[in-house]
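S.K.: Knowing the structure of chain W, use the given hints to seat chain Z on it.
Sequence lines, in order, name chains W and Z. Residue 268 in the working numbering is what sits at position 268 of the first sequence, and the numbering runs on without skipping anything. All you need for the working numbering is the position in the second sequence, starting with 1, plus 1000.
FYI, nobody ran anything at the bench for these hints, they're computed from the structure. Even glycine gets a Cβ: it sits at the ideal position worked out from N, Cα and C. Any given hint could be a false lead.
Unchecked claim - Distance condition first, Cα-Cα at most 16 Å in a straight line; then the derived EDC-like pairs of lysine to aspartate or glutamate:
#1 W:Lys76 / Z:Glu1047
#2 Z:Lys1457 / W:Glu428
#3 Z:Lys1417 / Z:Asp1381
#4 W:Lys255 / Z:Glu1185
#5 W:Lys110 / W:Glu164
#6 W:Lys318 / W:Asp254
To be verified - Quick look at which bits of chain Z chain W covers, simulated, 3 or more residues with Cβ under 8 Å:
#7 1004 to 1017
#8 1216 to 1225
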Amino acid sequence: MGEKTRKRLAAESERIAERVLALSSADQTEVDISISIDALTRFANNTIHQHVAEQIRTISVRVAIDGRTARVTTNKTDDESLRRAAASAIRLARHQPENPNLLPMPGKQKYQRVSRFFSATADTRAEDRARSIGRVCKTAEKRKQTAAGIFSSGQLQSMMVNSEGLFASYEQTRAEFSVTMLDRNSSGWAKANSPDIARIRPEELAETASQKAADSREPREIEPGHYTAILPPAAVLDLVGFLFYDFAGTAVFDKRSCFTDRIGKKVFGENITLWDDVYDPLQSGPTYDGEGLPRQKVLLVDRGVVRNLVYSRATAKKMKAKPTGHGFFLPNEYGEAPMNLVFSGGQESVEEMVRTTERGILVTRLWYIREVDPYQKILTGMTRDGTFLVENGRIAGGIRNFRFNQSVIEMLGNVQMLGPAVRAAGEESFEMVVPAMKVANFHFSEVTKF
Amino acid sequence: MMEDWAAAAIETAKRRGASYADVRVMDIRHRDLSVKNGEVGTLAESESLGIGIRVISSGAWGFAATDELTREGIQACAAESVAIAKASSLAKRENVVLAPEASYVDSWQNPFLKDPFRIPVERQMDLLLAADREMRRVQGVTLAEGSMSFRRIEQLFVSSTGSSIHQIKMQSGAGIVATSFAGSEIQKRSYPNSFGGQHTLQGYELVESLDLVGHAPRVAEESVALHSAAQCPEGHKTIILGSSQLGLQIHESIGHPIELDRVLGMEANFAGTSFLTTDKLRKLQYGSEIVNVVADARLEHGPGLGTFAYDDEGVPAQSTPIITSGLFTGYLSSRETARSIGEKRSGGTVRAESWNRLPMIRMTNISIHPGSWKYDDLLADTDDGILMETNRSWSIDDKRYHFQFSTEIGWEIKGGKIGRMIKNPSYSGITTEFWNRCDAICSRDHWTLWGTPNCGKGQPQQTMGTGHGAAPARFRNIRVGVAFSK
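The shape of chain W in the complex, shown without the other chains (with noise of 0.2 Å):
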């Protein structure tokens, strides 16, 4: 998209807001606008078999009045429309009771800025991701092998407004290439993603997946147990990516965060130390929440001891504590959350790790984690794609994947290394900053048949 589309897309988003909020005869009104241009190559059987594009904006309003407040969304962007979703705002607030808590809109404020659009990545045609693909599919046909995977890149364009006089923009480009190589009876994955598509290279992604699937060949089975088990960061993100809910003040004061009871205690080892920080160059994302309060970076974990907790507004009344700017949209039940963790890593390399490793479990990638227990953080999920055995410093060959019933607490507790922190990509959490670990001890309950 060319910079004259980028300026009328913003300009027509100002002129819909101001518009909802002069058709609007709520005490206050938000209005929330976001604009997506997105597109997606897919590929498998090294060939592209799903190909989509698609343009969505979205106007979020949400009114206050005499106390209440409720929320109506629409893409219809015509007065008549617009008029509409502020008037059923205000009918839906009116049925409900009044909410003592509710606080009134925040007026002006002061953002700090970002750069992260990347003309490239938005100007990047089919045929750019198309081409791409093309040579990985050739690299995993050479190999016998079988490519799978994604090629994405767009846009989002956001902006919030206030009745008070609250004005926050925010605009993005998001590239993200995912590969996973096939082979006869093994396979492997990497991925990638940044807002700046010249930072992914797909070619080099399919090589590490396509090594990997050819180093797990043949893969034996062998007992489950505790293990050493190094993780990458993609492993380490989807793990703790299960923790961000527990920071919200709403999970403690609603005693269903694993950190009830543990505010300010040592959880954690001491070389694990953990931020929530939108503003770190590696890190994406508006840089104000659901209310349009500046996010602020906040120290969650210091050296395994769990600090602070992230509040909306709301929350922070309750709890007496400072809003951090990490509230969702109102109104919700579920009150704020940290979404850009950032560990603060180490030096070691996962070859070190290996090196330094008698016994132990080398994963690629880990699979449907889903939480056995929520206050000992149990949590439970396959390995995939590429699992290898460790001995005596070396990889010794691929193994059949393994089943984990793993607390993350202990997991965090039991860190013996620690890599470089890395933006890293997953597929059960959302983006974040994190080093490679080498973990003992980690729980390892069952095999599965390959």
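M.R.: Leaving out everything else, chain Z in the frame of chain W:
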């Protein structure tokens, strides 16, 4: 209006060189309400109107979607879908060919008694708040929650081969949850099911039939009682699964592996593949001889989330035998995948979440046929086992072989009688071994068509509602308790 938009899209796609095109115009309306500890949680409505245009050009697929519903916007979208198809052909191995299908001109709406969007929000909210109050009366309940969700999905499907199919689906769902935190444990109970309760293709009459307020005290008491219940033992046991848990067991270990796009490798990067390779069709003993499973999208099967008149390729709803007396007999297919394995016709299972998503193979209503057992007789016939009810967690490998489930609550069965309550029940196994250990299924009187509203698949990911008819069933020699093993 919808007809004009669709016609403009088809005309442009053909003019740009599409050899085939189909168009879905969808107008989707949602209402979501939730309460938590006596306060309103979510109160929101939304609507989304747009067009999705799918074409074959240069022997390859293209798809584009827009909500710019002007003539120019639709023409640009149709042109883009053709351009995408031509780009796709840069990395194609062979031309896309579809199984033949007749053209249909039809209109259909699922029957319902009470339009949930015409029921005052105040009345809906009052019901949730009343159930919430009942749960919080029970000492030890730390969190009471209730929710309702309603969907009205209107869509027009038009194809370049002459189909024009208008459908309206009304969907309702509701449920309550009581959570209790004490010591170092969080326990919860849901009614009538987890995942927001029960969801069907019905109107507000579904919500009224659930009696959320009447069930609230029991749900709350059980969530508290679980703290002092016995821990699920580890070992191999006879288990009886409640019907909603069996519904999810069917979803994960039968519904997903029979998706032909998975089997053919099309989902290998994300959702995974399947152990059910095509050589196993009509050869694999999937389950014991009493196991009979169908994929049935027809209204006569019931008001499931997988019920419709036509799928999103314009193929009429069908009933396909999936497991017949234990033998694996059928896949879920699309026009493209059916042809690729030599089937004469698509099974009619293709659906898209919304106008901006590509239609793909999705479960319809994947249901097990009821058996002949009365529930009380089944319990009386079980000497030593565990009854497990209401799903709490679910996980299965990417070929759908190894699974592990845990449920919210369990009860010991000793000498044919229900005994003490069991907390943290879990069981695991290998799909075909598990289904071959099924030795009893309860009768039609105990059979419920459950709705699973949150099935994820595809890239970009799509969420779809699926239906699963199930009755309580018994399985022998199943591994239990591994989820909490040390």
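S.K.: Report holds or violated for chain W covering the stretch 1004 to 1017 of chain Z, Cβ cut-off 8 Å, minimum 3 residues.
M.R.: Contact hint for the stretch 1004 to 1017 of chain Z vs chain W: violated, 0 residues under 8 Å.
S.K.: Verify the proposed pairing of Lys76 of chain W with Glu1047 of chain Z, using a straight-line Cα cut of 16 Å.
M.R.: holds (8 Å)
S.K.: Taking 16 Å as the top limit, are the C-alpha atoms of Lys255 of chain W and Glu1185 of chain Z close enough?
M.R.: Holds, because 10 Å separates the two Cα atoms, which is no more than 16 Å.
S.K.: Would the pair Lys110 of chain W and Glu164 of chain W pass a check requiring their Cα atoms to be no farther apart than 16 Å?
M.R.: holds (14 Å)
S.K.: Checking one constraint from the list: CA of Lys1457 of chain Z to CA of Glu428 of chain W, max 16 Å. Satisfied?
M.R.: holds (13 Å)
S.K.: Can you confirm whether the C-alpha distance between Lys1417 of chain Z and Asp1381 of chain Z stays at or below 16 Å?
M.R.: holds (9 Å)
S.K.: How does the coverage statement for the stretch 1216 to 1225 of chain Z fare against chain W, requiring three or more residues with Cβ below 8 Å from a Cβ of that chain?
M.R.: Violated - the stretch 1216 to 1225 of chain Z has 0 residues with a Cβ nearer than 8 Å to chain W, which falls short of three.
S.K.: Need the status of pair Lys318 of chain W, Asp254 of chain W: alpha-carbon distance at most 16 Å?
M.R.: holds (11 Å)
Checked against the numbered hints listed earlier, the structure breaks hints 7 and 8; every other hint is satisfied.
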